[in-house]
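Here is what each chain is made of, one letter per residue.
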Amino acid sequence: MSCQEITILLNDYLDGVLSPTQKQEVEAHLKECSTCQELLSNLQQVRVTLREFPQISVPPSLAEKLYQIPAKKKAKWPTWLGWLARPLPQQITATLAALSLAISFYTLLPNRAMLAKYLNQQLHLGYHHISSLWTKAESITVNIEKVSDSLKAPWQALKEEGKED
Amino acid sequence: MIVNTYAPQIFNLAFHFTHSREEAEDVTQEIFLKLFSSLKKYKKEMNFTAWLLTLARNHLIDKYRREKKEKSLRQELDERVLTESGLLSPENGHDQKEVKLIVWKALDQLSTEVRLSIVLFDLMGKTYEETAEILDVPVGTIKSRINRGRLQLARLLADQQPQKRRI
Chain A
1 MSCQEITILL
11 NDYLDGVLSP
21 TQKQEVEAHL
31 KECSTCQELL
41 SNLQQVRVTL
51 REFPQISVPP
61 SLAEKLYQIP
71 AKKKAKWPTW
81 LGWLARPLPQ
91 QITATLAALS
101 LAISFYTLLP
111 NRAMLAKYLN
121 QQLHLGYHHI
131 SSLWTKAESI
141 TVNIEKVSDS
151 LKAPWQALKE
161 EGKED
Chain B
166 MIVNTYAPQI
176 FNLAFHFTHS
186 REEAEDVTQE
196 IFLKLFSSLK
206 KYKKEMNFTA
216 WLLTLARNHL
226 IDKYRREKKE
236 KSLRQELDER
246 VLTESGLLSP
256 ENGHDQKEVK
266 LIVWKALDQL
276 STEVRLSIVL
286 FDLMGKTYEE
296 TAEILDVPVG
306 TIKSRINRGR
316 LQLARLLADQ
326 QPQKRRI
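Taken in sequence, the protein lines are chains A and B. Letter by letter, the first sequence follows residues 1 to 165 of the numbering used here. Letter by letter, the second sequence follows residues 166 to 332 of the numbering used here.
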């Protein structure tokens, strides 16, 4: 076996999981090769050293910060607020918010009577404006019908003349 | 409950990975923030420890990639970090301390995946199967990475020790 082949087996050799044949081959090689002996010794040291690194405890200040994370998250985004942020409830929430804003604005206004009078006037003006537009539209429709009727007779006459030719 | 049970594992993984106590504290907080916002993604049939450590591993790899340059500036702090963390205890003999310091520094020279395999298996005592599940690779790959990593550390130790003796 070459040094490269032995190197690959050294960890398994130290774990004691090699087959008897492989173990014999490794040991035979190690007897004659000082480089692989040195590597084995260093590998042993590395394995022991890695296991000796103790687990370090979590500093109390860090633990305290970690305990606060779930509470902070809850405070930041409560469940009911999360539900309100969903697409459909979001639209309902926005409408309700706008409505409540308008109502509170109206209710809390000091000279509410004036605003009510103004709004009433505006509503009446709007209504009159719409009804006058409606009357105009009706008269335009009647005129169009009259024009259309007056054009029907000449149109028929022209069509008949065309047939005779 | 989650903090008590899992904070030590996350903190140790972060510490052995970053080699800095301050950074490990920051990283642990970041990982727990991620954990609480990703809990919805966890399914009951999953192994929670493995799932959490995988989340931690992904976070560490992302962070390490972003901050690769900064790592080289920390090398000189290794001995202080080790002493302050109790990894170099006064009971350790001079040679033992020297070997620990060399191995600790050498860990930083391993590739990210090999280092994570060594940290989880050798330093944190996970099994091959657990390490494979956390790193989401076959058990054979983990065995090969650990074998490779330990041999690399042994060679780095061999390179460093004669130099130290000459000094």
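Keep in mind that the hints were calculated from the coordinates and are not lab data. Keep in mind that the hints are not guaranteed to be accurate.
[Unchecked claim] In silico BS3-like links for lysine-lysine, alpha-carbon gap of 25 Å or less:
1. A:Lys23 with B:Lys228
2. A:Lys65 with B:Lys206
3. A:Lys65 with B:Lys270
4. B:Lys228 with B:Lys205
[Stated by the list, open to error] Stretch-level coverage of chain A by chain B, calculated; a stretch enters the list once three of its residues show a Cβ under 8 Å from a Cβ in chain B:
5. 3 to 10
6. 35 to 42
7. 47 to 54
8. 64 to 70
Nothing here was measured: the structure is a model prediction, and the numbers come from that model. Each residue gets a CB set at the ideal place from its N, CA and C atoms; glycine is no exception.
Establish whether the coverage given for the region 35 to 42 of chain A by chain B is satisfied; the threshold is a Cβ-Cβ distance below 8 Å, and no fewer than three residues must meet it.
holds (count 3)
Between the region 47 to 54 of chain A and chain B, are there enough contacts, at least three residues with CB-CB distance under 8 Å, for the coverage claim to hold?
Holds, because 7 residues of the region 47 to 54 of chain A bring their Cβ atoms closer than 8 Å to Cβ atoms of chain B.
Are three or more residues of the region 64 to 70 of chain A within 8 Å, CB to CB, of chain B?
holds (count 5)
Pairwise hint evaluation, Lys206 (chain B) against Lys65 (chain A), where the allowed Cα distance is 25 Å at most
Distance ~24 Å between Lys65 (chain A) and Lys206 (chain B) Cα, so the pair holds.
Just to be careful, I want the Cα atoms of Lys228 (chain B) and Lys205 (chain B) compared with a cutoff of 25 Å; is the pair within it?
holds (23 Å)
Three residues or more, CB to CB closer than 8 Å: is that satisfied between the region 3 to 10 of chain A and chain B?
This one holds; 3 residues, not fewer than the three required, reach chain B with a Cβ under 8 Å.
Taking only the CA atoms, is the gap from Lys65 (chain A) to Lys270 (chain B) under or equal to 25 Å?
violated (30 Å)
Within a Cα-Cα threshold of 25 Å, do Lys23 (chain A) and Lys228 (chain B) meet the stated pairing?
violated (43 Å)
The earlier numbered hints that this structure contradicts are 1, 3.
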